[in-house]
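Number of protein chains: 4
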Amino acid sequence: MPSLDVVVKEIADEMRRRTERGEVASYIPELARVDPAAFGIAVIDATGNIAVAGDSETPFSIQSISKVFTLTLALGKVGDRLWRRVGREPSGSSFNSIVQLERECGIPRNPFINAGAIAVTDLILSGHQPREALGEILRFMQFLADDPTITIDKAVAASEQRTGFRNAALANYMKSYGVIENPVEFTLGVYFHHCAIAMTCRQLAMAGRFLVHAGLNPSTGARVVSSERARRINAIMLTCGHYDGSGEFAYRVGLPGKSGVGGGILAIAPERASIAVWSPGLDAAGNSHLGRAALEALTKRMGWSIFGA
Amino acid sequence: MPSLDVVVKEIADEMRRRTERGEVASYIPELARVDPAAFGIAVIDATGNIAVAGDSETPFSIQSISKVFTLTLALGKVGDRLWRRVGREPSGSSFNSIVQLERECGIPRNPFINAGAIAVTDLILSGHQPREALGEILRFMQFLADDPTITIDKAVAASEQRTGFRNAALANYMKSYGVIENPVEFTLGVYFHHCAIAMTCRQLAMAGRFLVHAGLNPSTGARVVSSERARRINAIMLTCGHYDGSGEFAYRVGLPGKSGVGGGILAIAPERASIAVWSPGLDAAGNSHLGRAALEALTKRMGWSIFGA
Amino acid sequence: MPSLDVVVKEIADEMRRRTERGEVASYIPELARVDPAAFGIAVIDATGNIAVAGDSETPFSIQSISKVFTLTLALGKVGDRLWRRVGREPSGSSFNSIVQLERECGIPRNPFINAGAIAVTDLILSGHQPREALGEILRFMQFLADDPTITIDKAVAASEQRTGFRNAALANYMKSYGVIENPVEFTLGVYFHHCAIAMTCRQLAMAGRFLVHAGLNPSTGARVVSSERARRINAIMLTCGHYDGSGEFAYRVGLPGKSGVGGGILAIAPERASIAVWSPGLDAAGNSHLGRAALEALTKRMGWSIFGA
Amino acid sequence: MPSLDVVVKEIADEMRRRTERGEVASYIPELARVDPAAFGIAVIDATGNIAVAGDSETPFSIQSISKVFTLTLALGKVGDRLWRRVGREPSGSSFNSIVQLERECGIPRNPFINAGAIAVTDLILSGHQPREALGEILRFMQFLADDPTITIDKAVAASEQRTGFRNAALANYMKSYGVIENPVEFTLGVYFHHCAIAMTCRQLAMAGRFLVHAGLNPSTGARVVSSERARRINAIMLTCGHYDGSGEFAYRVGLPGKSGVGGGILAIAPERASIAVWSPGLDAAGNSHLGRAALEALTKRMGWSIFGA
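Protein chains in written order, with our numbering: chain A, 1 to 309; chain B, 1 to 309; chain C, 1 to 309; chain D, 1 to 309.
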């Protein structure tokens with residue numbers, strides 16, 4: 001097997017030379033300011049070795065990648081009752097589509113489209129103040145990444161809150177069906193803020209390790225979730241993690257993964273590695289263009305696809 | 001690790017005791033005559049050992065499972081040009097939905113919904129007579145299963161041809177967009193006939209081995225497809241193999257799989273096992289109820305999920 | 001021709017005897033309290049004679065009927081620029097569908113579905129405080145009905161504001177496309193309040209006269225709108241005035257009309273009569289059950305259908 | 001009131017000078033050969049006077065205008081049972097959309113979209129040979145127009161039959177729901193042929209007179225349909241006669257009308273006039289561009305709008 005360190009460096013070099021990088025997301029004004037040439041990668045293998053390259057220490061807005069962690073947290077709180085509010089099928093439509101909600105009585109297709117993630121946030125919020133719920137989510141990220149310095153980028157959160165009319169439409173729509181319990185502005189406030197968590201590739205790869213290790217945090221041996229739940233979260237990442245580019249990601253990369261419009265992707269090679277990549281340019285489906293290319297190259301060279309050698 | 005033989009027997013016993021078995025498909029009159037209590041399973045592990053239980057030697061109509069093999073055959077003939085005619089994203093809708101076609105200019109979402117499989121059949125047919133194309137598909141199945149006795153159930157094919165108006169609607173619709181090249185009745189004729197191939201669980205598990213072994217037929221060592229193509233077919237089975245129950249199958253079973261309305265499911269544990277199950281009762285999404293339950297039990301006990309230990 | 005007075009009395013008697021009355025709208029709690037047995041009718045013919053029967057002097061919540069008047073007012077303010085924000089085709093879907101908005105970039109199909117009426121209200125609001133805009137709408141109704149006592153039922157407005165999540169979803173959705181200019185809560189506030197205007201059948205029939213008389217208010221001879229605009233508003237009422245029951249209303253009644261979930265219907269027989277009916281029980285499409293039945297009987301006996309003798 | 005003869009000549013002159021004429025339909029090869037500069041008009045007033053101008057004696061393919069007459073014929077045969085197979089609401093979508101059928105269990109929205117007209121043709125066919133049913137439709141047209149020379153353009157019918165895959169999709173789809181009773185190819189054969197009836201503006205205006213005169217054929221005094229049925233057919237023409245341009249036609253022209261992709265429009269001014277116009281260039285919704293412009297000018301100058309003076 002090739003050396004992980006060498007492969008990671010080579011891939012970062014290749015990505016730096018690419019000219020086609022996609023488009024930086026512009027619908028959240030704060031996100032549009034990021035350097036489009038940035039590229040970072042961090043890979044932590046099963047033994048805990050970490051290989052990094054490029055802008056792996058630059059914090060970026062994790063955006064929808066946070067949905068993996070809010071799903072994990074919500075399942076811990078309410079268990080499989082969560083699935084009364086959210087489905088787990090790929091949606092076949094874009095991340096912010098409202099059509100599917102109308103067809104299916106306000107129940108979002110899965111927890112990784114915006115509507116589903118808002119419903120999950122609402123479950124975490126229940127019985128708490130928004131500030132408390134947000135604190136809990138942030139502490140969970142810090143715990144998983146073993147790094148108490150992770151913070152929320154308030155400028156990004158405020159930017160989303162000012163412009164997030166489509167998410168407000170989704171939340172109000174679900175509220176009309178009783179799928180959202182808390183006041184819409186509370187749920188959206190928590191949602192916009194957890195999407196605005198800023199992390200580096202290294203921090204994000206650290207946070208993903210429990211999904212590699214059957215639910216255990218390998219730093220401490222603490223169980224985060226059961227092995228069955230870890231497998232199931234991976235399964236949802238594979239089928240639903242890239243909106244209507246999920247099939248393409250499975251086809252090309254062959255790993256469970258979750259992307260964010262900030263240009264990050266967290267990918268999990270079960271029992272092998274936790275991987276975070278970041279490059280702000282997005283493809284038409286809203287997923288990091290170079291990020292996916294880097295992951296495709298990585299799984300190919302390392303033989304990490306879950307679909308066979 | 002538990003003994004595969006023992007596990008397979010136990011699962012067959014459990015399934016026999018279950019009372020909730022789903023509904024046998026009634027829309028194809030011939031299929032409605034099958035014994036609803038039937039259950040068969042066959043598992044071939046990486047070393048070639050085979051474990052069977054129940055009605056593993058009873059032939060059943062493989063129906064949509066044939067789509068895995070026609071996709072493989074068509075990719076061999078036209079390569080990645082196939083993807084100009086068919087997408088590879090989960091559809092988020094039922095197996096015979098026509099709505100998606102209207103939204104996307106007649107291009108089916110993936111090769112495993114009916115419209116996509118008809119488009120794939122049309123590619124295999126091109127330049128040939130229907131009889132020749134059908135012969136080629138059947139011989140391919142016989143070769144993969146290493147069994148020249150596999151045949152087409154003509155009564156089932158005729159039954160579908162008489163009643164397959166919805167498939168005729170899909171084919172004509174694609175024809176109006178130029179996605180189908182051959183006369184609609186020719187393409188449909190081949191399609192209905194390859195869906196009517198009858199196989200036993202043992203034969204089907206044999207035929208699936210190349211997807212376990214990185215594209216090689218382990219009987220002969222012959223390469224069926226490249227290792228990359230085998231991984232990619234597995235990826236499409238995972239994301240699209242169970243219509244709008246694909247997310248659920250990934251979540252519960254954790255293996256690439258393809259179901260048919262005849263009640264069969266082919267599942268692939270890469271590098272580990274080729275698995276065929278059969279039980280005619282279907283769930284609401286049109287997938288074998290006991291089949292999926294059996295696969296869920298099997299992967300759990302054997303630790304075969306692709307999503308982690 | 002039969003005497004209008006006699007016909008109106010007979011119809012009121014018939015309606016009183018009917019047992020099938022539809023269901024009172026329950027989604028706005030305040031509206032659910034109304035007497036389900038109520039029935040009122042008022043008809044003002046071309047010469048200004050007025051015939052009334054039943055509960056013609058009981059105020060009811062005009063709800064969506066107000067959309068005819070806000071459309072008229074907005075056209076007076078911004079002219080045909082209004083049609084950049086709103087279409088004028090029947091929607092083929094229910095009054096509060098959001099699917100159509102997603103397909104058509106946030107532009108509502110017509111000014112009489114909720115989304116379209118909210119967009120019209122937003123145009124009236126522009127450059128004003130909500131209180132001013134609402135005052136203008138109310139004064140316009142008072143002027144048309146020649147009755148300064150018409151008021152807004154604040155309990156109904158507050159009830160809608162507390163529960164109008166689906167309308168909030170529509171407004172936020174349009175805001176995300178820039179179709180709504182004012183703060184969503186301002187626009188919705190004005191919308192909920194003008195829907196909560198309370199009027200009697202007599203007042204409503206009075207207010208509709210300008211659409212009978214080619215745009216003139218016959219009390220004063222004042223021109224409300226041009227004759228062409230009056231015809232066009234009538235045309236939109238005919239094709240879009242009853243949501244996905246518009247075709248049925250045209251088929252059975254044969255007059256331009258606009259219904260509200262409060263159970264009222266305003267119908268216009270051009271050059272012949274302005275008609276208001278009220279009965280709170282609604283049919284499946286959300287239109288007054290007895291109201292439509294009464295109008296069907298009235299146009300038949302009076303020979304008032306616009307589609308021929 | 002202006003002289004009808006003068007107005008008709010003026011309008012024809014105006015239309016001849018227009019440069020923007022829309023696009024001739026190309027999806028039926030035979031139709032694409034017609035002269036794009038053609039324009040014809042024929043108006044028969046209530047007293048039977050006829051005013052013609054332009055290419056009023058040139059036969060053109062009436063296409064979907066035939067649906068008005070097949071609806072009339074089918075209502076005569078099966079009465080209101082027809083409405084079990086077809087709705088009467090505007091569809092909010094294009095003439096050949098299949099989406100609506102999937103949402104509503106194979107029941108077409110109205111008799112004037114293609115699916116609905118095919119279902120109506122199937123009702124006329126029942127119990128007959130295609131040749132007989134077609135003969136009956138043609139004789140009905142000849143009787144209404146008082147002209148036995150009207151024929152079917154077999155080249156157009158054959159052209160549609162070779163290329164009408166989308167209509168075949170609609171018919172097969174409805175067949176899968178049992179909405180079509182006869183063999184699909186029989187029903188489509190009759191449908192394609194009655195759409196290929198060729199008529200001049202004069203003939204078409206003659207054929208429409210029974211809808212002006214409360215169901216009576218004024219030549220003979222014979223009752224074609226009851227006055228109620230005539231009104232109702234007019235109502236359906238108004239709400240559904242121009243596909244998703246129906247609202248626009250009602251708004252601009254203000255008359256019940258039915259268009260065909262051959263560029264013809266039949267419009268009815270109840271109790272006043274039967275009007276046929278023809279110009280082959282179509283707008284985006286598939287309706288004659290100059291045809292609608294001519295009708296808009298005509299109703300304005302003659303004061304014929306059903307929505308008021």
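Some clues are possibly wrong.
[Claimed, not checked] One side of the interface only, derived from the structure: several residues of chain A facing chain B at Cβ under 7 Å:
id, residue
1, Pro90
2, Asn96
3, Ser226
4, Arg232
5, Asp244
6, Tyr251
7, Ala284
8, Ala285
By construction, these hints were calculated from the structure, which means they are not laboratory data. Every value quoted in this text rests on a predicted model; they were computed, and no experiment measured them. All residues carry an ideal CB built from backbone N, CA and C; glycine is no exception.
Now the hints, each set against the structure:
The criterion of a C-beta within 7 Å of any C-beta in chain B is met by proline 90 of chain A, whose closest approach is roughly 4 Å, and the hint holds. For the restraint placing asparagine 96 of chain A at the interface with chain B, the shortest Cβ-Cβ distance is roughly 15 Å, beyond the 7 Å limit, so the hint is violated. Given the 7 Å rule on beta carbons, the hint for serine 226 of chain A is violated: about 11 Å separates it from the nearest Cβ of chain B. Given hint, arginine 232 of chain A at the interface with chain B, holds; its Cβ is 5 Å from that chain's nearest Cβ, closer than 7 Å.
Using the Cβ-Cβ criterion of 7 Å, the hint placing aspartate 244 of chain A at the interface with chain B is satisfied: the shortest such distance is roughly 6 Å. Look at tyrosine 251 of chain A: its Cβ gets to within about 5 Å of chain B, closer than 7 Å, so that hint holds up. A hinted interface residue such as alanine 284 of chain A counts as satisfied when its beta carbon comes closer than 7 Å to some beta carbon of chain B; here the least separation is about 12 Å, so the hint is violated. The beta carbon of alanine 285 of chain A comes no nearer than 9 Å to any beta carbon in chain B, farther than 7 Å, and the hint placing it at the interface is violated.
Checked against the numbered hints above, the structure breaks hints 2, 3, 7 and 8 and satisfies the rest.
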